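Visitor: Guided by the hints, dock chain X onto chain L, whose structure is given.
Chains as they are written, first to last, in this note's numbering: chain L, 1 to 267; chain X, 1 to 353.
Worth flagging that the hints you see were computed from the coordinates, not collected in a lab.
Heads up, some of the hints might be wrong.
What the hints assert, rightly or not - Taking lysine-lysine and the DSS-like style, the derived pairs with C-alpha atoms no more than 30 Å apart in a straight line are:
hint : chain 1 : residue 1 : chain 2 : residue 2
1    : L       : Lys215    : X       : Lys193
2    : X       : Lys45     : L       : Lys212
3    : L       : Lys255    : L       : Lys215
4    : L       : Lys212    : X       : Lys193
5    : X       : Lys239    : X       : Lys3
6    : L       : Lys215    : L       : Lys202
7    : L       : Lys215    : X       : Lys45
Stated by the list, open to error - Cβ pair distances, simulated, as ranges:
hint : chain 1 : residue 1 : chain 2 : residue 2 : range
8    : L       : Asn266    : X       : Pro187    : 31 to 41 Å
9    : X       : Pro219    : L       : Asn71     : 11 to 21 Å
10   : X       : Gly325    : L       : Asn71     : 33 to 43 Å
11   : X       : Met179    : L       : Pro250    : 53 to 63 Å
12   : X       : Trp198    : L       : Ile176    : 58 to 68 Å
13   : X       : Pro219    : L       : Gly168    : 34 to 44 Å
14   : X       : Arg237    : L       : Gly142    : 36 to 46 Å
15   : L       : Asn71     : X       : Lys193    : 28 to 38 Å
16   : L       : Pro181    : X       : Lys182    : 40 to 50 Å
17   : X       : Pro219    : L       : Thr157    : 21 to 31 Å
18   : L       : Pro26     : X       : Leu115    : 50 to 60 Å
19   : X       : Glu190    : L       : Pro151    : 56 to 66 Å
20   : L       : Asp175    : X       : Lys3      : 47 to 57 Å
Owing to the predicted nature of the structure, the values given are computational and were not obtained by experimental measurement.
Every residue gets a Cβ at the ideal spot worked out from N, C-alpha and C, and that includes glycine.
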Amino acid sequence: MPQATGINDIIKPENLVYKRTEVMTPNILHYCPGCGHGTVHRILAEVIEEEGLQTEAIGVSPVGCSVLLYNYLDIDWQEAAHGRAPAVATAIKRLLPDKFVFTYQGDGDLAAIGTAETIHACNRGENIMIIFINNGIYGMTGGQMAPTTLPGMKSSTSPYGRDVKMMGNPVKMTDIVATLPGTFYVTRQSVHTPANVRKTKKAIRKAAQYQKLNKGTCFIEVVSNCPSGWKMTPVESNRWMEENMFPFYPLGDMKVPQESESQTTNK
Amino acid sequence: MEKELRLMKGNEAVAEAAIRAGADGYFGYPITPQSEVLEYLMEAKPHERTGMVVLQAESEVAAINMVYGGAACGKRVMTSSSSPGISLKQEGISYIAGAELPCLVVNVVRGGPGLGTIQPSQSDYFQATKGGGHGDYHLIVLAPSSVQEMADFVDLAFELAFKYRNPVMMLSDGAIGQMMEKVWLSPQKERSKTVPEWATTGKPPTRERVIITSLDLDPMAQERFNQKLIAKYNEIREKEVRYEEFQCEDAEYLFVAYGTSARVCQKSIQLARAQGIKAGLLRPVTLFPFPVNRLNELADKVKMMISVEMSAGQMVEDVMLASNGKVPVYHYGRMGGMVPEPEEVTDFLKSKI
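Isolated chain X (complex conformation):
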């Protein structure tokens, strides 16, 4: 089967990619700017195409707990929402991480705090990469910067989620979710018939019962479990770092940016280089695990790093930790749903030279 070229919104691409990736279930609740995911799925009749279950839940809270139930059956299940709705899901995400269940949560980020705006933002970086809910845990966080990546990362997310039995978040934003681009869609995959041994399927006489829970009343046992999680996160840090470099070979000044901001920075680099300023970009594709080692290496080569984010300065803390004081690190950010212009990013760089 050939790949198929379509013109789609990022949100639609996620939905179509989920069907084609052989997802078993989607549970969601409308919120701007991601409602097209659920709308597309309802219109596309995935139940007829693959047998995929799609359900509009009564709340984001119910939707993430449906994801818990489906994931615990060993199914490839997902939900999507935008910032305020993702906050509501945090309890469920913590339980999913605590029960070591695989799933995909898509966050099409909008400005906050509170009800905020409906325009694109990157102000959920802390929430996505540092845990988000209660307790010691991490999500694997993928940051698409194109409609193509919103489609491609669905399959990657399920692969990583099942490999590590860990929830994966796709941290997009309102711009990539809403804009239309051409996208190559993968051919339809069959839904998996493999049943993981840890899944609840009804207990045959041949095995012990399966209990999916995040509860352990024995603090020593709970600590052992926490240590097991740490080992898993360290393995993820070691093996799953993904990033992209843009004109870093001779760069003296490094932008660090993901998602929409990374697209803006590519243009800013062109503008800077036209004025003789050697700028480059490191775009983290995984925000957890963060490309710490590569940034630390680059800190030996560049004179300055600027974290460009549509936030008040969140990823900049990780850039500072990774560069470990070797070079000055600045933050340039727009907030509230405002997207930076390439010129203003270049001007900020020039002001710091």
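Bound conformation, chain L alone:
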């Protein structure tokens, strides 16, 4: 009879195919199963590590599900008031222009209460990266309607579906900031398949590299899911996202620098 194999017999360097990146802390993520936040955290950490930015990075975390992001990435952090991350990041970057400064915000934070800060930071062309997680709902407070909730979509404050006549229309903030002269690179991605994860990681890497050129705001929307808020399994939520979110929030680049623009540095 073969010997039973214990877990310690399997954990060997030669069997290692996936490990925690050094920029991720060992803290256990508090996110619900299937949530996209963990994936975005991971690829953000990978980019920071691979681009050698750990000593330069100052992140600004939002209010919402990712408020505790500072527990997961081993870099310096500031936790901003609800919606104010772009204002906070503006001052950090202006006072410490050599640092890699970014915000990470949800849809309620960035596209409702923080609309003014988002638009004006982008319009001034603050030389920061903004990562915008859009799952169409307020996750942390328990699934209320967000500025990005789709027409007809149910939430705890639109229990019969979002009635746009009464509740207004969803905001396409990424489309708006793409029209502003201060933005340098604007894209909308997702992390629901391995191929999309790679594309989003590439977008974050570009934004990190562009920040060294000092040419303006880089804005990355990640259309994501909220299985708990949407009251679906993770698999159902990804399917629902493909069928409903992507037609309204189509993936792809919205503003890409010309090759000549991305090869010179502004003072």
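Guide: For chain X alone, kept in the frame of chain L given last:
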């Protein structure tokens, strides 16, 4: 370097003093009667003089959050506004107090509530000294009564803010902000190169990451933090009380007044003494910490205290607490942007004798 004598508005003096104090950043939004601060800074090109960052924000809300971001980098940063704008900043000020960050907030007070008037007032005393935003916290509050003090208190504010990692408010008013007086300006200081160990600067491999936050989901830990803040405020109460006395030695009747009201009271004392009434003035320079002990001592010597304020009666509550029932305490106030005449203050005193 010698001090330089200039004729300036209080608002301009704050701006010039900020450059000379080696401030790293100013973030503001226009509002009457303090817009000269931002205007002066934009014209003075501090970026060329010292490298100081000056930015006109999209709102008072954005400006105070820029102050949060800059303060958390260990920089000497400030904002200024007037009453309605200071109300908008209260959320940010609470976060700054909760994250224990140093900064200077200048309030050139105008009449309220609401949009109120654009004339001088002292009706933001409660807001300034009792917290202002949500949660248990205090600002250190400095009350200038001259253009000279508006300049001098910039440096003092940064010193106290960094000593205690606490936001400092300079509570001025529309009269001192707008009037011109001669002011001796300090020589240019170099901007500090010291980086506090608590500041976010990018994490070198040699230290743990810095997290600036005011969030603690564990109520026991949050309470421990509240207790730490209380200990800090008690230390401030013990060490940082500042006040000025004017003809208190033989005073039988004591005015308690700060800022513009204190200037009015000096004249009222002259008028009273010409009529044989021995009046004096205690002028709190720090409103938090309030000169509680000194007022309590004076309550043993005087027959009456009158809190003279351009408000409906706010500081009078602290005067009552400090005198602790030993003597009658009255309030005399004008509101809505009206400044009391010295004669009416003297007449009020006479009516209470």
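Visitor: When the hints from earlier in the document are held up against this structure, which numbers fail?
Guide: Of the numbered hints, 10, 12 do not hold.
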